[in-house]
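> Single-letter residue listing:
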Amino acid sequence: MSIETPARTKRPSSDRKIGSTATGTKVLLVKIAALAIVDAISLYALFIVFAQRDWVVFGAILLVTIVVNVVYFSKRMLPAKYLVPGVIFLVVFQVFIIGYTAYIAFTNYGTGHNSTKQDAVAALIGSSQERVEDSPAYGLTVVESLGTYSFLVTDPDGDVSIGNENSPLAAVDNATIEGGKAVGVPGYNTLNFSQIVAAQQTIAALAVQISDDPNDGSLRTPDGSSAFVYRSNLLYDESAGTMTNTNTGVVYSDTGVGAFTASDGTELRPGWKIEIGFANFARAFGDESIRGPLFSVALWTFAFAFLSVATTFLLGLFLAVVFNDRRMRGRKVYRVMMILPYAFPAFLSALVWAGMLNRDFGFVNQVLFGGADIPWLTNEWLAKVSIILVNLWLGFPYMFLVCTGALQSIPEELQEAATMDGAKPWAVFRFIKMPLLLVSIAPLLISSFAFNFNNFNLIYMLTNGGPRDVAAGVNVGATDILISMVYKVAFVGAGRDYGLASAFSIIIFVLVGVIAAVSFRATKSLEELN
Amino acid sequence: MTLQSRGRMATGAILLTTALALTACSSAGSEDKTPSAGSLTVWVDADRAAVLKDAAAEFTKESGVEVKLIQKDFADIQEQFIAQVPTGKGPDITIGAHDWLGNFVTNGVVAPVELGNKASEFQEVAVAAMSFDGVTYGVPYSIENIAMLRNTALAPSAPTSYDDMIAMGKAAGTEFPFIVQVGPESDPYHLYPFQTSFGAPVFGTNADGSYNADELTIGDAGGDEFATWLAAQGAEGNLNISLTGDLAKEKFNAGASPFFITGPWNVADAQAAGIDVAVDPIPAPGPNTAQPFVGVQGFYVSAKSENTLAASEFLTNYIATEEVQTALYEVGGRAPALTASFEAASSDPIVAGFGAVGATAVPMPNIPEMGSVWQYWGVTEAAIISGQADPVGLWQKMAADVQGAI
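Those protein sequences? They're chains A and B, same order as listed.
All letters in the first sequence, in the order written, are residues 1 to 530 by the numbering used here.
All letters in the second sequence, in the order written, are residues 1 to 406 by the numbering used here.
One thing to keep in mind: the hints can contain errors.
[Stated by the list, open to error] The calculated DSS-like cross-link candidates involving lysine-lysine, where the alpha carbons are at most 30 angstroms apart (straight line), are:
#1 A:Lys117 x B:Lys249
#2 A:Lys117 x B:Lys118
#3 A:Lys181 x B:Lys118
#4 A:Lys384 x B:Lys249
#5 A:Lys31 x A:Lys75
#6 A:Lys384 x B:Lys251
#7 A:Lys181 x B:Lys249
#8 A:Lys488 x B:Lys89
#9 A:Lys524 x A:Lys424
#10 B:Lys53 x A:Lys488
#11 B:Lys397 x A:Lys488
#12 B:Lys118 x A:Lys488
I should point out that these hints are in silico values taken from the structure, not numbers from a laboratory.
Put together the whole structure using the sequences plus the hints.
Structure, rendered in structure tokens:
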């Protein structure tokens, strides 16, 4: 058999050699065509990004394009040819996101601090324009002369006046009137709507004083066809960097907290995003509403993740062993049925279970327990049990699948040999199959632990962290795990605090990372068995 | 060689998709970018899109300004608007609910809208809901509130009082005397009419009708009475924390109670289930009128829009017309905010019934402090209903927690 093999392969290999130059040219053409398309698309992207003046993205695209071209046109760098696409994806979808989360953790990004100081000033000034009470609405025609826009306004009494940025309203008597509204005046060009739209940023910013006294207010137009009298109650002093409330005289200044702050500590909202160092991490460990429940929540998180893995693994393994027995009939049908829970979306199953475990109207109490009032989801301890049970239902098919696969890869000879040596079935399983199984399953158990550690969907959909002890005064319930607590602390309540949430993500990331690293190290001892 | 070149082709293919993905990102970015003068980008949910398309076409015809409608999932709009406006990639106009306004203003993402003399053409509560700190930020198009649905086959006439309703419900011999959704963390929104009937609104109001966050009135004497009442109703089984929204609807549609306290969104399904429904005011268990919350929806202008004039023109002179408001009512079934359209829609007794309750109702607070209220409110009510501890003590504890959080 082994003698024949070289003879068999020899002929085709010489054939291939003739064909390979033709294939080589074809491949080269395909390669050039593919790279040409990539480069064309990159070039197009570069133009767009250039137009948007987004230099970071511009640099990134340029770099990627150059790297791709160099790698694929070079005759060497074979490993890079395989690695580059994967590395690009890794950077875009993993490294960048982790890096960005880490950056956000050091900022105050969240409700009231979601943009730049410049935007905050603009928004404050914009919303500080108060329409003067009981002031009339003016009919407006925007007119232009020598590049200066003016407001030609008709008040409700029919009196016409004109004014612009530099000169307050003054009466006009020679205007053209149409339908009770002045539409033109000699010496000025009347703008139609599309001309107004073309110049709308200038016109929207235009404020025409109604008298020489600026405190009487200014005319502004929201739509180009009518004007109203506004007074601003906030004044921004650009050189001093302060906001002054013109009604109360309170001065708000930038004290480095990312908002204009008065001397008594009141802040003007919106503020802006700043970098705040380790303040989010300090809050994560120091804030009473977080520190109080942190210990019990962390304990339950570990218990939940460990019990979830242990129960699903044991049940999955048991079923895998049972269904792996050749004496069992209809194994395939049973196996398909076992995998069904895995085929439903987990969050949907959690919702269905929440309905079935309802105390008064749920299927479990009504049908299985004959109308009992068992508080499955509203008692502190039963809720924990319910969560583990539902997660068992959701998770065992996965363990069943991987255990079946691993069991089938163990050679039958080993079992036969052990049986010949007089080992009982339990001993065969305990000393032969189990160690071999663990070599391939242990890493999956670790990843399953990491997954359940952050199993937000299940908790959120089944109990939403509840039941909550109202007397405790914190928004954390008996079944909240770390990630759902983070969600509540950062996103439920008055505002969203992306900075704090990111800081927590980093902490949980470190926690899970350390556990995984330690566990992986431990699994090495399993491999040594072989 | 073959193997190697095949590998190269595969990597080439992967590379191509990488590049496509990268450019897809960048080109999508350029589409979302605020367009140059002469075009408006509007975020709208799927139901409203068709109506806006017609209004937009008319606006484009008359003004020459192009309107780009982008369909969004309504539930995602608030988050995305706050995140995208600061980057300059948000829309010029978005659809939204009035209780998002506090969050929008705090984040500086909305620009004021001057309704001018049009303000009086809207129902007062709608404009009040779209205002924050005395400034109007949005153009409303619909108002929505809860009322009481009555199964006319089980209860031929409207109850005169709360006790009357319970008596009628018991006389009907159904599973529940009346139904209101509660759920494991309670539902303060649906129970609010009962709470206001005891004279315990969440916040005090300023002279102009806006809410005053400094004056938390939820813990007043009326609140204690309401808490005691909640405990009594929980003990009697009239309120049950197992009755979630889905179950409540299912039970009413199955004829398990003559009365159902809910909103117009459940009417169509009840009628489809063959129930002849009438809409009545919510009977007050306390001395005052039972005032539910009103939810208003409307359109906001982005603070970073470069097309403010065109956006204002579109909203005040096209969206705020009777024709468009009526069309929006016809697709969504929500009562129009424009008085003229509302009166036209009131020929439908269901709309008229909800509208009559809405006329006495109060806007749901849009101040950001409301977020701190929700997180304590529901669970406390749930604890009281299930009889966990002294109702007054729990209620006062909640008021103190809310005050602390604010």
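> All hints, please: hold or fail.
A quick look at each hint next to the structure:
1. A:Lys117 x B:Lys249: violated, 48 angstroms
2. A:Lys117 x B:Lys118: Outside the cut-off at roughly 34 angstroms; violated.
3. A:Lys181 x B:Lys118: Holds - the C-alpha atoms of Lys118 of chain B and Lys181 of chain A are around 18 angstroms apart, at most 30 angstroms.
4. A:Lys384 x B:Lys249: OK: Lys384 of chain A and Lys249 of chain B at ~29 angstroms, within 30 angstroms.
5. A:Lys31 x A:Lys75: holds, 13 angstroms
6. A:Lys384 x B:Lys251: holds, 29 angstroms
7. A:Lys181 x B:Lys249: Outside the cut-off at roughly 56 angstroms; violated.
8. A:Lys488 x B:Lys89: holds, 29 angstroms
9. A:Lys524 x A:Lys424: Holds. Lys524 of chain A to Lys424 of chain A sits at ~28 angstroms (cutoff 30 angstroms).
10. B:Lys53 x A:Lys488: The hint is violated at about 39 angstroms.
11. B:Lys397 x A:Lys488: Measuring from Cα to Cα gives roughly 20 angstroms; hence the hint holds.
12. B:Lys118 x A:Lys488: violated, 41 angstroms
Consistency with the previously given hints fails for numbers 1, 2, 7, 10 and 12, ordered from lowest to highest.
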